[in-house]
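Next come the chains, spelled out residue by residue.
Protein chains: 2
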Amino acid sequence: MSKPTPLSGFPELLPAQRVVERAVLDTLAEVFELHGFANIETRAVEPMDQLLRKGETSKEVYVLRRLQETDSAADSGIGLHFDLTVPFARYVLENSGKLEFPFRRYQLQKAWRGERPQEGRYREFTQADIDIVGRDVLPFHHDVEVARVMIDALSRLDFLPAFTLQVNNRKLIQGFYTGIGVPDVDEAMRVVDKLDKVPAEAVHALLVGEVGLTAAQADACLALAGIRTPDDSFVARVRELGVRHELLDEGLAELAELVRGCAPLAGDRVGVVADLAVARGLDYYTGTVFETRLQGSESLGSICSGGRYDALASDGRTTFPGVGISLGVSRVVVPLLQRGTVAGSRSVPSAVLVALADEASRAASDAVADALRRNGVPCEVAASPQKFGRQIRYAERRGIPFVWFPGDGGHEVKDIRSGTQVPAEPATWTPPPEDLRPRVVRTSDQEKTQ
Amino acid sequence: MSKPTPLSGFPELLPAQRVVERAVLDTLAEVFELHGFANIETRAVEPMDQLLRKGETSKEVYVLRRLQETDSAADSGIGLHFDLTVPFARYVLENSGKLEFPFRRYQLQKAWRGERPQEGRYREFTQADIDIVGRDVLPFHHDVEVARVMIDALSRLDFLPAFTLQVNNRKLIQGFYTGIGVPDVDEAMRVVDKLDKVPAEAVHALLVGEVGLTAAQADACLALAGIRTPDDSFVARVRELGVRHELLDEGLAELAELVRGCAPLAGDRVGVVADLAVARGLDYYTGTVFETRLQGSESLGSICSGGRYDALASDGRTTFPGVGISLGVSRVVVPLLQRGTVAGSRSVPSAVLVALADEASRAASDAVADALRRNGVPCEVAASPQKFGRQIRYAERRGIPFVWFPGDGGHEVKDIRSGTQVPAEPATWTPPPEDLRPRVVRTSDQEKTQ
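Taken in sequence, the protein lines are chains A and B. So the first sequence is residues 185 to 634, counted in my numbering. So the second sequence is residues 185 to 634, counted in my numbering.
FYI, nobody ran anything at the bench for these hints, they're computed from the structure. Fair warning: this is a prediction, and the values are worked out from it, not measured in the lab. Be careful, since some hints might not be right.
The list cannot tell twin chains apart, which means a pair is met if one copy fits it or any two copies do.
[As the list claims (entries may be wrong)] No farther apart than 25 Å at their CA atoms in a straight line, the calculated lysine-lysine pairs in the PhoX-like style are these:
(1) LYS282 - LYS187
(2) LYS571 - LYS282
(3) LYS571 - LYS378
All chains should be built: construct the whole structure from the sequences, respecting the hints.
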C-alpha cells in the first residue's frame, strides 16, 4: 500500500490537535449540563424523504447504498444527515411519549454535506446543538435561556478568538415590512439578508426592481437593517422610523427582553448586539434569530446560528415549538489548528514517563506506573531500556513533562523542563494540576510550555 | 409528518439510557488515558479500494453517492468504514512522519455495516479500540500491555456483567500443526475455529474429509483445542501431547508470559483464561489473539477481540507492526438497555430544580441557578410558576433529587425523596457527591434511587 493522501473536505487531526477539539467539546458538554441539557445522539442516517424536505439542501446529501443489496432494498432511501436539526425533530416525534417537556437536549455529533470544500466548510464536520422543545407551547423566556447558555459556553472557550452574538427577531422585521406595505415580506427579507455579501445600493435596486417596492419602502427596509446596538436602544431607533404594527411591537419587546437578558453575560470574550440586518435565510424561523461571528475571522460567516421555530415538528395532532442554537465546532476549530494558532501542550495523555533500567526491572517500573495511575496520574513505561538520556529525549518529543527513575533505595522524579530532580513516592506523588492533562496553548504561549 | 418509526439496526437511546452509554465511554477514555493512550478520530469514510481489501466484508459496506454528482464524480468510490482498524492503518501510514512510535492510540467511534440486524449486531454501532503500533519492530511486552489495559478498563465497568478474556497465540497453533505435519495449517485453523458453533465430531470429520488430515492428526488438533487453563499450566498440558516445533516453543513462551502478566489483574469482574481453541478467523493476526465473552451472555459471541498483527500497515519501505483490542460498546450496552438491566438514575443532568414563585421573580430564581452552577451544580429553573406541588412533581418525573425554594428571608432546599427541607445558601450548598451527576443503576438497585 503506497502512502495514502488526505480526502479533501474530510479533515483529520493529529493527537495534539485532537486535544484542542476535545477541550472544546468537553467544555461545551460541561456548560450545557450545568444548565440542565441532557445529551443524546441520533443515528447518522435518515430516510431520504426527511432529508429532502428542504429542497435547497438536496444537492448536498450523501445517499447510502449497500454494496450488495440482497434483501429487497431494505436500505434504499437513506442518507447521511446534513445537520442535527432534522434528526432531532424526528427523534422528538418518534419518542414524544417517552420525553418530558420542555425537553432540553444537546448533541455533539458529526454531520456530512457533499458540497465543495473550502476554508471552514467541510464534507464531514462536528456540530454542537442545544435546543429546548415544548409540547404545544414554549414560553419566550426559553429564547433568552438558550442564548445565555451559549454565551456562557463560548465565554469559557478562552483559547479561541472572541465572539460576537448578533440577535434579531423575525416578527420585528415582518411587522415593520407589513407596516410599510411591502407586498411579499418573505421575498423582501431574503433580499435584505444578502446585505453581508452585496452593497446596500444593489440590495436597494433588487428590492425595487425584483420585489416591487417603492424607493421609499426600500429606503425604510435599509434604514431598519442599518440599526445595530449593543443594548435595547434599538427600540427608540426603530420607533423613530415611524412605523406601527402589532407584530412589530411584539418583536421589539421580545428582542429588547433578549438583549437585556444577555447583557449581564457579555464581556471581552462574547459581545452581544441587536443587529436588525440579521434575518437567517431559512424560513422556518418564526421569531428570535441568532448569528455569531468570530472576531477577526468574519470571512468564515456565522459560526453559531439558530432561532425560534414555532413548529420544529408536528405529528398532525401535537405541535412541538422549539428554540435552539447550533455551533459549527469544526468550522471554528479546524482553521485555527491548520494555521497553528492553538495546539495541545503534548501529543500523549501521559504526564510521566517511568524510566526502565533494564528489561529485568520492567515489573518494577510497571508497579510504579500502576501506583501513579491509582492516584489518577496518566503515565507510561519506557518502551525499551535505552540510556536514560535517550529515554528523556523520548519524553521530550512527546511533550511528557516528568521522567520517573525507580530505585531500590528510593525513587526520584525529574521535571525535564527545569531539570529539577527530587525524591518522590509513587503512592503519593502527583504533578502540579496544570501538568496533569494536556492543555490547550495558543501559539504565543507555546514556547513557555516546552 | 406522521409519527416516524425506528430504523431496524440503527439503535437510538433515550436520555437516561444515554447516561449509561456515556458512563461506559467516559470510563474507557479515562482508563486508556491513564495508560498513556492518545485519543484520535478518523473520518467516517474510506476509499472503496481500502474497504474491500478484505474480500469477505465487501457485502457489508455502505457506499456513498452524492445526490447530485456535478464535479466529475469527486466522491465516487468512498464508503463508510465497517471497523476502526482499516482507517487507523491508513491514518498511521498517512501521518507516519508526524507520529512518535511506539504510538498508543484509542478511538471511540461509530462504524457501519449493512448486514442483517440481530441482537447485538447493528448496522450502526460504537467501537472502542486501543492499539500500540511500532515502526519496524514492536516488542512482545506490548501484547501484555494492551491486555492489561483492557482488563483494567473492563474491571471498572462494575455495572456490567462480568467478562472472561480468552487468550491464545497463533504461533502456538501454527507450530503445533506444523509439528504434526498438517498440510494446510491456515485451513485447519479455520476449521477448528468453528468449534464454538459446531460439535467436535463434526470438526473432526471436516479436518479429515476436507483438510486431508489423518485421524491421529485431527485427534491432536482437537486435543490442543481442548486445553483451557486459568494460568500457565497449559504449557505442561501441551508438552504432554509430545509435539516439538520451534514456533510452538515461541508461542508457548509468549502465551505463558501473557497469562502471567494478566493474572494479577484478574478478579471477580474479569476472568482470564488461556483457551487454545481461540484462533480468530482473520488471517492477519500473527501471534497473540484475544476474545472476550460476557458472562451469562455467551450467545452474543466475542464482544472484545483483537491480537497481534506484524504488518498492520506498510508503505513498501517501512512496516508498522501492531497489537490491539476492540470492544463492541453497542454490542454490550444496547441489549442490556433494551432489557432494562441497567439505566441512568435520571433523564436530565440537573441535580436541582429551582422553584419559581411567580413570573416576576424569574430573575431571582435565575440568580440562584447561576450561583449553583458556579459551584459546579447542574440545575434548571422551573419552566412556569405552577403550584409548588406541581413543580415538585415536575422534578420527580425527571428524577431530579432536589427542589430549591428561593426566599427573601432565606433559601431552603428540599430532598424530594426523603421530604427533608433545610435552609441553604446558593453560593455554598452542594448536593452529596452521589447526587451531583446522573448515575448508572442496575435494575435491582433502581427502587432505592427513586
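Taking the hints in turn, this is what the structure says about them:
no.: 1; hint: LYS282 - LYS187; in the structure: between (50 Å within a copy, 13 Å between copies)
no.: 2; hint: LYS571 - LYS282; in the structure: between (62 Å within a copy, 24 Å between copies)
no.: 3; hint: LYS571 - LYS378; in the structure: neither (65 Å within a copy, 48 Å between copies)
Checked against the numbered hints given earlier, the structure breaks only hint 3 and satisfies all the rest.
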